[in-house]
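Chemist: Take these sequences, add in the hints, and give me the full structure.
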Amino acid sequence: AGGTAAAPAAECGTADAFCIGLVTDSGKVDDKSFNQSAWEGVQAAVKAIPGSQSKYVETTDTKDYAANIKQFTDKKYNVVVTVGFLMTEATQAAAKANPNVKFIGIDQFQDTAKVGEIANLAGLTFPEDQAGYAAGVLAAKLSKTKVLGQVLGMQIAPVEKFAKGFEAGAKSVASDIKVITVYHPAGDNAFTDPAWGAAEAQKQLDQKADVIFGAGGKTGNGALGQVAKASGAGESIFCIGVDTDQWNTVPEAQKCLVTSAMKLISEGTADQIKAIKGATFKGGNVTGKAGLAEYHAFDSKVPADVKDAVSKVVADLKSGALQTGVKLG
Amino acid sequence: MSQQRPTSTLARFQSFLVPVLALVVAFTIGGILISLQGVNPFLAYKSLFSSAWFTSDGLLRTLQKTTPLILTGLAVAIPLKIGLFNIGAQGQLILGGLMTAWIGYSLNLPGILLIPLSILGGIFFGALWAWVAGILKAKRNVHEVISTIMLNSIAAGLVDFFISGPMKEPDQSIPRTPQIHSGAMLPNLGFIPIGFPVAIALAIAVWWMLKRTVLGFQFITVGENSHAARYAGIDIAKTIMLGMVLAGGLAGLGGAIETMGVTHRYESGFNAGLGFDGITIALLARGNPLGTIPAAILVATLRAGAASLQFDTGIQPEVVDMLLAITLLLVSIPILSGLLGKKSSEPPAVTPVSKEEVPA
Amino acid sequence: MTDFIRNNRVAVIGAAVVLLACIVLTLVAGTDSDIVRKTTSILRFAWTFAIPLVLAALVGVIGERSGVVNIGIEGQILASAFAGFFVAAASGSVWIGILAGLLTGMVMGAFLAWLCVRLRMDQIIAGVVLNIVATGITSFYYVQGKSLPSGVPVWEVPLLSKIPIIGPVFFRGGPIALGTLVVVVGLVFALFHTRWGLRTRAIGEYPTAADTAGINVNLMRFVNVTMAGLLAGAAGAVLSMEQSSTFERGMSAGKGFLALAIMIFGAWFPGRAFFAALFFGLMSGLASQLQADKVVNIPQQFINLLPFVLTLIILSVAAGRVRPPAASGQPFVKGEGS
Amino acid sequence: MAERILDIEGLVKVYGTVRANDGITLHVNRGEIVALLGENGAGKSTLVKQIFGLVIPDSGTISINGSVAKIKDPTDAIARGVGMVHQHFQLVPVMTVAENVVLGNEPLKGLRLDLSSARELVRTISERHGLEVDPDAIIEDLPVGTQQRVEIIKALSRKVELLILDEPTAVLTPQETDELLAVMKELAAAGTAIVFITHKLREVLAVADRVYVLRRGKTVGEVKASETDAAGLAQLMVGRTVVLQVDKEDPKVGAEVLKVTDLEVMDDRHLKAVNGFNLTVNAGEIVGVAGVEGNGQRELVEAIAGMRRPVKGAIALGGVDITLANPYQTHAAGLGHIPEDREKHGLVSDYSIADNLVLNRFDEPEFRNGPVRDTAAINANADNWIKTFDIRTPSGDLPASSLSGGNKQKVVVAREMSIEPRLLLAAQPTRGVDVGSIEFIHRRIVEARDRGAAVLLVSAELDEILGLADRIAVIHSGKVVKEMPAEGADRTYIGELMAGGH
Ligand SMILES: Nc1ncnc2c1ncn2[C@@H]1O[C@H](COP(=O)(O)OP(=O)(O)OP(=O)(O)O)[C@@H](O)[C@H]1O
Ligand SMILES: Nc1ncnc2c1ncn2[C@@H]1O[C@H](COP(=O)(O)OP(=O)(O)OP(=O)(O)O)[C@@H](O)[C@H]1O
Ligand SMILES: [Mg+2]
Ligand SMILES: [Mg+2]
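Those protein sequence lines, which keep their order, are chains A, B, C and D.
Take 1 as the starting number for the first sequence in our numbering and just add one per residue.
Take 1 as the starting number for the second sequence in our numbering and just add one per residue.
Take 1 as the starting number for the third sequence in our numbering and just add one per residue.
Take 1 as the starting number for the fourth sequence in our numbering and just add one per residue.
Honestly, I wouldn't trust all of these hints.
[Said to hold, decoys possible] Below are the DSBU-like pairs computed for lysine-lysine, each with C-alpha atoms no more than 30 Å apart in a straight line:
#1 A/K178 / C/K294
#2 C/K146 / A/K144
#3 A/K208 / C/K162
#4 B/K168 / C/K294
#5 A/K229 / C/K146
#6 A/K146 / C/K38
#7 B/K211 / D/K248
#8 D/K259 / D/K159
#9 D/K344 / B/K211
#10 C/K294 / A/K141
#11 A/K75 / A/K312
#12 D/K248 / D/K72
#13 A/K171 / C/K294
#14 A/K312 / A/K301
#15 B/K211 / B/K139
#16 D/K185 / D/K218
#17 A/K277 / A/K312
#18 A/K32 / A/K277
#19 C/K334 / D/K72
#20 B/K46 / A/K75
#21 A/K96 / B/K168
#22 D/K387 / D/K200
#23 C/K294 / A/K208
In short, the hints are calculated from the structure, not lab data.
The structure displayed is predicted, hence computed values, not measured ones.
Modeler: And the structure:
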């Protein structure tokens, strides 16, 4: 059954138990995207922490965030992971109400000026713009046509940060480079419309784009899959995935997938959980890691100088020597 | 005349028995599906119902979910009586909800003014949206199924525009409006959200209106035979528009209550599917306004209990969609009533949508 | 042939004009010019977008022409996309998957026909039931981590695919994409030039007349609605296998409903429905193109609303002139009304 | 002995509690015209539907050409040489004549429909029998008389040996009726057997060889047409003596009530149907509008009743202009309207008889308490009118759909009389109604006149007009071509005027 991972050990709330609960954003735990990454992080932590156990609840109505969190706090879980920036407020409220439970809010920036310090809540955010920037640099260097494409999900903060970072990175290589940027039009299926993503990717290919960044859940995956079908995929036409290393999650895109602009949700989540267990946990805003996935089969195809340039950008971004210049709003 | 047709008691009994039996069968089938997943169905149902009904905050949530569903159910059921199929409750509800939020956050008035004003705003915009479909039908003979589908998409786009543009909460990356002033918030009376008795009262009022009043007779005549209605001096265009406006107003009220009583703001993703659930509810209720109450309670219970079900048993929350689908199938399929006797408890006729041009 | 041209003057002239325009544009601007590329790409987007809609609209056309309103197309598409994808993943063959998709559409069509024709259930309600059942099943039985064994092949129609602009858009594609064209042309012929078509139109307009002429109305309705299900199945299969390589919960995303709008838009004519769907595709393609080109400074939401607003306007201007098949939505009971 | 083509033995068909056919025995010979007579609901249609396979008998046998035939659907019937022209035309309105004629029996050229041979077929038959019709015309564009011809051509195209005609003349003009009767005789002479249902005794006497009279599903009489007369037939049908002639005093004509001036009205297809119509109707007189159906009568009536907006001209009721009034206002002004199509306009068939009796009066103060309907008053009203009008029903609570045609019409007439109208618009008030009910309705209309109401009677039934009207206006192409007193009016002359002569 979906919700239970390990065999139930001690009852949650007893001293021996270490229970981790996860509430997804409206979406499923197997969404090949942030919900899944977070859940994988939880599972990794469970594996690393003996005697721990985990469960998830999938949100079907965004009004039920609080109720879903309560499932876990009622059962005296030690850690509750909430996924997605839409749950920011529900998580903060729950954290204040349950000071004994530790919370990890993924993609949830805490505006300390407004809500104050919440010691038992870590708001884990990621510098998506940096990952996007590095991907943009790589794309611009790979492009022969000097036209890049972006097939994006809904126009919300994390996606926009990826997209703007990508464009900034590309422009930093060649200011005359053209970046076709298209967000999914409709609201409710913006992240779950692979057919639209594929058609849009094809349109951008037809308009000479030769590297396409697919960033928007299943919609973006549809784009990657379509690019992989194009003639010249992997030779002169490339695609770049998002969020996780999509080499594994979108196998149909392997033919064109150079890399993925990742935010390391799993790692970040697992690290936080381990910190809680090890009592090194600190609330407040925590910045996770973002970067590029490995090249996999393209390791030999990407020219060495390009690889070097990209790794330098990644390093500079990390050290702060380079700023992406991305601002939202 | 007082002497009743001999069939009518049977019919009444049937119209009650069929849904109950449908429910029993649906839950049995659902139980089999659940046990196929390796879970004890009794445990699953116990978890579902006890979390939805037997905890005070669960009950509150169930009733909160019931409230807009009754209203959107009515928003579908009323037009059904005049032969119109209102797919547009969704659009009407979200516009109403948005406008209520707008009034609620932008005007800083005492509650005694702000509450009625916000509610009226929601009702007004819901009604306005339905009226568009009504006038297109009445004056231009545009099929309401098509126009309401279009209007739903347009409403979704408009709402999206407003909450990420003019009505967006400043310094906030989530597309949503600011929170409404506390004066506009509807309190809960213990585990009863204040909107719930309102919705119940409205369902009874709509039933009474259709059953007993002159206006109801006018509505139903148009639905039964629009030619005869016209002959009888009923202004069909006006009736269509009035019916749609009433429906839209109820859906808009659903949005308003949702905003004022539950969400306290408008945010992208809120209210998803409430209007579409209204269709299910109206059909489960077989078009009967009173029937929307148990139908809405059922749907709300399933949705409210789904999370506990997953927490306790690992069964996916989608199982409730399966249960609903089977129930609806059994309620509407003539087989069950056929087994119970004759065909007298007929489902609501939706199709006699007047194909004649309604003269301007 | 001359008969055909005379009877379809508008279509023939229209086709000739479009063809000529494409050739001239390509000659003047060059194959590799921006304008030709853009036109081609938007047109391709439009057609891709339109394919499931055309198929679904034809399901509606066949149903209503036979007297059965089908608002369960949405559910048929969803279930077919689901079955197609998962059967393909399990069997290791996209062909078996496509077959499964088609059959699923057909089985659901038969189910709808059984409800509407046999049990004489209210047709709108039957359709709603179909949708809800499909949503329930596909989301409950969805499993993660499956993928297609291979892509669906892309075929080219010799000669025709060489036509500038139009050729590569319409005459190059997967089996369902190409099949859609065949189906449209075939249905135009079948509906208006064959015995089946005459009878189908008769049972949708005035079933008792057909009945007294010795036609088995209910059998024919049953068969038509069931067979139309194949097209709904194709619409689902094209979504999850040809146009993407994955199934998503709720992936039909209202296409079945939009198809009904297109059916009405096309006044229950298959040919017109084809163009209506293409028009919607074009609107959608233009919307994303405007976004990409940042040419106009109107909020994106408004551009995306355009197709819906336009539909409403066109319908309200043209309404009254289109007339649905008179008996669509009405169950046929033998011996009544004659 | 003549050759038998149809032999029916003990045919029974039961609907619920109704024995629609209760052991009918009947036979028809080749070349013979047999008329079926009977009140509404006597079981005539049920009987012939069984011969054509539209209804399956419960028991009894139907033999065709001497052998017992199990006819399970129209295909069987057609294969055995049975053809039928139905009471309600069975033509697809949006299709052409040729398409309708070949429907179910289509000539093919490969996969394609062979429409040219369909056209040829229509031409051949129409020439052979003098049934003129354009094979490419769309049915809904054709006048009813022509549609009737198409029905006959359709039946003949299947090589019929036994032709069934269910109330074929209900919608025809006298001339068209005469033409049809001539065709029937000609067909019979060529050996076709014909079963002919009608309510018009004149036609029976004119064309039938033998007559069967049905009552409550039983054959109550079989007579040679040459050995009986109208009164005899009527008595057989109803079981009592029927007054066929309307019995009325001279009119006491009063003030002008309806004045129609220069009226122009469009039909559904936006063509001018009423074109310069002028007429006045005074209190205490019945003005009959005679005309071939489709000459603007329907549009005229609807315009006066407020259901259709005139494009030009004026209508005044008692000096008050009602040109643009809606049905609500005309009703309030004292106009009673018996609509031409009672099923479509006059009744809501799922409503109770009681509700139908207040269908256009539902919001009058008498039937409401504030916003609420006063069911007690509505039911009392129903009891009263059911009694006065002798509406045959066990209860006013039953749906109108449970009534027979004649009783449905009585409900409509009762309702319209209940407002004591100043102007009574009676459009085809007795169409398809049996003689007993016709007599009753006619008497009511005369009573209304005598009470001082102005009555405008529109009827395709020339006999009805001649018998009932005090003054006759002949309508053709949307205008009055001749007005005359009914006293001494000449049938043939009016018929010619109706057809556009003179
Ligand atoms: N489909 C039906 N279902 C139930 N009862 C029916 C049906 N058709 C006919 N009847 C019953 O059978 C009886 C005979 O009806 P039928 O139509 O044969 O009368 P008819 O002689 O043709 O009358 P009319 O002169 O009005 O045409 C009626 O009294 C009616 O109640
Ligand atoms: N399905 C049915 N159920 C019950 N009674 C029916 C049904 N169909 C027809 N009848 C009854 O059959 C009788 C005769 O029906 P028929 O169709 O011949 O029309 P009618 O009432 O004679 O009207 P008209 O001849 O004026 O069109 C009526 O009493 C009618 O109520
Ligand atoms: Mg009859
Ligand atoms: Mg009759």
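Chemist: Tell me the numbers of any earlier hints that the structure contravenes, in ascending order.
Modeler: Numbers 2, 7, 8, 11, 12 and 17, in rising order.
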